[in-house]
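First to last, the protein sequences are chains A and B.
Position 424 (the first sequence) corresponds to 533 in our numbering; numbering is contiguous.
Position 77 (the second sequence) corresponds to 82 in our numbering; numbering is contiguous.
Just so you know, the hints here were simulated from the structure itself, not pulled from any lab data.
Note that this is a predicted model, so its numbers are computed, not measured.
You may find that some hints are simply not true.
[Unchecked claim] If you anchor each label on the Cβ, the simulated ranges turn out as follows:
no.: 1; chain 1: A; residue 1: F513; chain 2: B; residue 2: I295; range: 38 to 48 Å
no.: 2; chain 1: A; residue 1: I483; chain 2: B; residue 2: G242; range: 42 to 52 Å
no.: 3; chain 1: A; residue 1: P584; chain 2: B; residue 2: S385; range: 54 to 64 Å
no.: 4; chain 1: A; residue 1: G201; chain 2: B; residue 2: M341; range: 12 to 22 Å
no.: 5; chain 1: B; residue 1: G265; chain 2: A; residue 2: V512; range: 48 to 58 Å
no.: 6; chain 1: B; residue 1: G242; chain 2: A; residue 2: I382; range: 52 to 62 Å
no.: 7; chain 1: A; residue 1: T296; chain 2: B; residue 2: M341; range: 27 to 37 Å
[As the list claims (entries may be wrong)] The calculated lysine-lysine pairs, modelled on DSSO-like cross-linking and capped at a C-alpha distance of 30 Å, are:
no.: 8; chain 1: B; residue 1: K371; chain 2: B; residue 2: K276
no.: 9; chain 1: A; residue 1: K370; chain 2: A; residue 2: K143
no.: 10; chain 1: B; residue 1: K371; chain 2: B; residue 2: K334
no.: 11; chain 1: B; residue 1: K276; chain 2: B; residue 2: K364
no.: 12; chain 1: A; residue 1: K474; chain 2: B; residue 2: K276
no.: 13; chain 1: B; residue 1: K264; chain 2: A; residue 2: K486
no.: 14; chain 1: A; residue 1: K523; chain 2: B; residue 2: K364
no.: 15; chain 1: B; residue 1: K334; chain 2: B; residue 2: K387
no.: 16; chain 1: B; residue 1: K387; chain 2: A; residue 2: K474
no.: 17; chain 1: A; residue 1: K474; chain 2: B; residue 2: K189
[Claimed, not checked] Cβ-to-Cβ under 8 Å is the rule here; a few derived chain A residues that face chain B:
no.: 18; residue: S291
no.: 19; residue: A493
no.: 20; residue: M496
no.: 21; residue: I498
no.: 22; residue: S499
no.: 23; residue: L516
no.: 24; residue: D522
no.: 25; residue: M526
no.: 26; residue: S552
no.: 27; residue: D585
Ideal Cβ placement from N, Cα and C applies to all residues, glycine included.
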Amino acid sequence: MNVKLVMYILGKVCLAFGISLMLPFIAAFYFNEKQTVEFLLPIAISLLLGIFMSRMKVEYRGHLSLREGLALVGFSWLLVCFLGALPYLFFGFDFSSSLFESISGFTTTGATSINDLEAIPSSLILWRSLTQWFGGLGIILIFITLVPQVGSSGERLFTAELHGESTERIMPRIKTTVYAISIAYMTATFILTLILCVLNMTLFEAVNYAMTTISTGGFCMQKDGIAHFNNTAVEVVILLFMLFSGGNYVLYYKAYKEGFKKLWQDTELMAYIGVILFFTCAMAINLFYSNYYRLSESVYYSFFQSVSTITTTGYYLQNYNGWPEFSRFCILLMMFVGGCAGSTAGGIKVARLLIMFKLSWAELKRTLHPRMVIDIKLSGNHIAPNMVISISRFFFFYIAIFVFATLFLSLTDKLGMLDSIGIAASCLANIGPAFDIVAPFSSYADVSAGAKLISCLLMLLGRLEIFSLLIFLNPDFWRGTKNW
Amino acid sequence: MNYRLLSFFLGKLCNTCAVSFCLPLLLSIFLNEDCVYAFLQAIVTSICMGFVFVKFGNSEDAGITYREGVAIAGFGWFVITFLGSLPYAFAGILDPVSAFFESVSGFTTTGATAISQIEVLPRSLLLWRSLTHWIGGIGIIVVFIAFLPQVASGAVHMFNAEVTGPSSERVLPRIKTTAIALCKIYLFFTAVEMIMLCLAGMNVFEAINHSFSTIATGGFSTYDTSVTHFESPLIEGIITVFMIIAGGNFALYYLIGEKGPRALWQDTEFKVYISIIFIVTAAIGLNLYINNYFNGIDSFRYSIFQVVSIISTTGFVSNDFDIWPPFSKLCLVLLMFIGGCAGSTAGAIKVSRIVVLTKMAFAHLKRTIHPSMVVDISMSGKTVPPPIVAGIVRFFSYTSFYLLFLLS
Numbered sequence: 110m111n112v113k114l115v116m117y118i119l120g121k122v123c124l125a126f127g128i129s130l131m132l133p134f135i136a137a138f139y140f141n142e143k144q145t146v147e148f149l150l151p152i153a154i155s156l157l158l159g160i161f162m163s164r165m166k167v168e169y170r171g172h173l174s175l176r177e178g179l180a181l182v183g184f185s186w187l188l189v190c191f192l193g194a195l196p197y198l199f200f201g202f203d204f205s206s207s208l209f210e211s212i213s214g215f216t217t218t219g220a221t222s223i224n225d226l227e228a229i230p231s232s233l234i235l236w237r238s239l240t241q242w243f244g245g246l247g248i249i250l251i252f253i254t255l256v257p258q259v260g261s262s263g264e265r266l267f268t269a270e271l272h273g274e275s276t277e278r279i280m281p282r283i284k285t286t287v288y289a290i291s292i293a294y295m296t297a298t299f300i301l302t303l304i305l306c307v308l309n310m311t312l313f314e315a316v317n318y319a320m321t322t323i324s325t326g327g328f329c330m331q332k333d334g335i336a337h338f339n340n341t342a343v344e345v346v347i348l349l350f351m352l353f354s355g356g357n358y359v360l361y362y363k364a365y366k367e368g369f370k371k372l373w374q375d376t377e378l379m380a381y382i383g384v385i386l387f388f389t390c391a392m393a394i395n396l397f398y399s400n401y402y403r404l405s406e407s408v409y410y411s412f413f414q415s416v417s418t419i420t421t422t423g424y425y426l427q428n429y430n431g432w433p434e435f436s437r438f439c440i441l442l443m444m445f446v447g448g449c450a451g452s453t454a455g456g457i458k459v460a461r462l463l464i465m466f467k468l469s470w471a472e473l474k475r476t477l478h479p480r481m482v483i484d485i486k487l488s489g490n491h492i493a494p495n496m497v498i499s500i501s502r503f504f505f506f507y508i509a510i511f512v513f514a515t516l517f518l519s520l521t522d523k524l525g526m527l528d529s530i531g532i533a534a535s536c537l538a539n540i541g542p543a544f545d546i547v548a549p550f551s552s553y554a555d556v557s558a559g560a561k562l563i564s565c566l567l568m569l570l571g572r573l574e575i576f577s578l579l580i581f582l583n584p585d586f587w588r589g590t591k592n593w
Numbered sequence: 006m007n008y009r010l011l012s013f014f015l016g017k018l019c020n021t022c023a024v025s026f027c028l029p030l031l032l033s034i035f036l037n038e039d040c041v042y043a044f045l046q047a048i049v050t051s052i053c054m055g056f057v058f059v060k061f062g063n064s065e066d067a068g069i070t071y072r073e074g075v076a077i078a079g080f081g082w083f084v085i086t087f088l089g090s091l092p093y094a095f096a097g098i099l100d101p102v103s104a105f106f107e108s109v110s111g112f113t114t115t116g117a118t119a120i121s122q123i124e125v126l127p128r129s130l131l132l133w134r135s136l137t138h139w140i141g142g143i144g145i146i147v148v149f150i151a152f153l154p155q156v157a158s159g160a161v162h163m164f165n166a167e168v169t170g171p172s173s174e175r176v177l178p179r180i181k182t183t184a185i186a187l188c189k190i191y192l193f194f195t196a197v198e199m200i201m202l203c204l205a206g207m208n209v210f211e212a213i214n215h216s217f218s219t220i221a222t223g224g225f226s227t228y229d230t231s232v233t234h235f236e237s238p239l240i241e242g243i244i245t246v247f248m249i250i251a252g253g254n255f256a257l258y259y260l261i262g263e264k265g266p267r268a269l270w271q272d273t274e275f276k277v278y279i280s281i282i283f284i285v286t287a288a289i290g291l292n293l294y295i296n297n298y299f300n301g302i303d304s305f306r307y308s309i310f311q312v313v314s315i316i317s318t319t320g321f322v323s324n325d326f327d328i329w330p331p332f333s334k335l336c337l338v339l340l341m342f343i344g345g346c347a348g349s350t351a352g353a354i355k356v357s358r359i360v361v362l363t364k365m366a367f368a369h370l371k372r373t374i375h376p377s378m379v380v381d382i383s384m385s386g387k388t389v390p391p392p393i394v395a396g397i398v399r400f401f402s403y404t405s406f407y408l409l410f411l412l413s
């Protein structure tokens, strides 16, 4: 492995990080807050670290091997998450809470360990939302454009980073794709901010909620989240933008270039909408017949919760923990689904589930016709057997990690069976709230430090689609490069 | 599809069922119980059905293909579970739906019961409950293959449609000999357990019932409180050992007879199965001990019994594990999905499938860094062909889907 090259690029990441920390620093001055040193210190640390690391002499800049790409992705996430925890640490939170908050931000989970959100300064609130916004876009997508050295092998990083299996290239050069996606992301954030401002939010609130919605993060500025505004128009707008963020950005770009019929031709997007409608109906009927709400409210609340859960945002209007068993299980199930491939959402992803589902169905047919040749298609494209295998292994690891995480969580204090299952599913899919102890309107503050650290690991695994992090455990990864 | 052939076999199945009703019937006559007529009615019904099926059926054109094999196994289960529910219904113990549930639970060796008070039931009906386990455990089709001459060439299709697990490898060249060997081993273990339980202090009736449901990995007991009733570590120990045996691969036990006990340690699946039992037992035992539920010895005593009972999908209970700490309960839930070895009477995903899946997942993890690597997965020193691996992956995926839908 070319350690120097990796270090060099990590240094650049540190520099970019230090610069982005200036924003809440400036905000602190703007809001006339007393605590500004708390930001100055992390800025200084990351800039110094950045300058030190990027002074590495890099002899060979052109080529970045697969292994270096993977190392870069994994280490830059770890680095950024640890640096991101510094402001919280200086503001007086304990280590596990700070790390939890930072990782929850960058992985766009939106689980918070801060109990009293109104009490913390606005600049820190801005920093929380910013971490989600950066995390959503994927630090990689940003720094590919910042670091020209990566050049031709940027594609490999892109494959390691961008979610889902359908990372088909839509333009000849990967850099153009990255620009296009970044611009789409920024535009969406900008538009949402404008609309929210029009709907009577203050500019500061609008910016924060726009950033956490578009990144499918789900950090709130108040403890009661979106419900705080008591404004149906705001809720509907956020609902629509969540729905948008859970879709495939590459597909949006295609639709923009080749006409909107592309959207209707995409199996995944249709399945995504279908799953949401299915769960909305199921939960609405359940809620209505159990006499929880009126019919219109049942439909509205279940639609909002379905979208929020599937896109892995984690906003809430009502405390679904008090809903009937069936609805709660629907929500648990949706935690596994996740958004579309190529979105900022977490979870297993609709495309993967579709392929697995088609495979299972084909296998059922094969019992009768043992020599049948199985061909799996998605949106009319043939899925290569290798892809099918990698989806299977992803599926297996996802379930296995979920199971073991649940076991370990149940060993920590205060967590019951459903708590552990909920936290594991929710953190692995980067959602945030779960059931009982971490139900909506409460926080992870009551969860023990051990459980917080396990959740941190889960969030990172979920965000990096498991392999980019799990590969570090493989001895082959650390061995000399001679043979490969 | 050859419907007349299907009908012939279903008719034979009805007749077999009628014969097996005779055992509880004799017991009820002997004990002078009320449910004599229930069994008589059930026998008459099955003989009539059997007569109609055989009359319509035709065994001459005995070309059993894969399709017929699947059909016989599938419809056979419907017919036998229907007939099996008759005694409960005729005796007026359960309504028809609950009776069917009890029968399905028996034949599939599930062991879930719809009867709230077991002890007040006539003993003949209790025997019938355990007997459904025992018949379901060996699989009626295996019995057919062993003793019906008509099966002949189609045996392999019927065998594959019924015997559980991915590797229904034949230990003997002829499928018929394999089936007979399986029946012998099954009978042998049942007899040994029965004798040992008698020696440990059960009466003969209890011993018969418990050995039937242990070897079949069923879980019906003759008491509401299951094995807790006996409060005897010795009985728990004997049942534990036989549950472990019943959760193992029966074909493997045949190999022990041929090659000696060495065969056991050469089998990856069996080793993993035993290791899982020990690791989870230790984990739950420690968890129970640290949380002050029991003293040191009792923690492990209850833990091993429950672990084995659940991994072999038997479902006997020696302590109320619903009040155990969440970690222990989650471990037990996890075990429910693992299940026993391939070729056993246990249900669930099966250890060998888990082993292949894990090996595959880790092998392909390496492929992230070496994209063109050729992956070879082997078990017990033999390469697992890619189509089987693919099949297992799909099995896993649809059990996962099934599980998720079951949850809701």
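*asked:* Flag every earlier hint the structure violates by its number, smallest first.
replied: Hints 1, 3, 4, 5, 7, 9, 10, 12, 13, 14, 15, 17, 18, 19, 20, 24, 26 not satisfied by this model.
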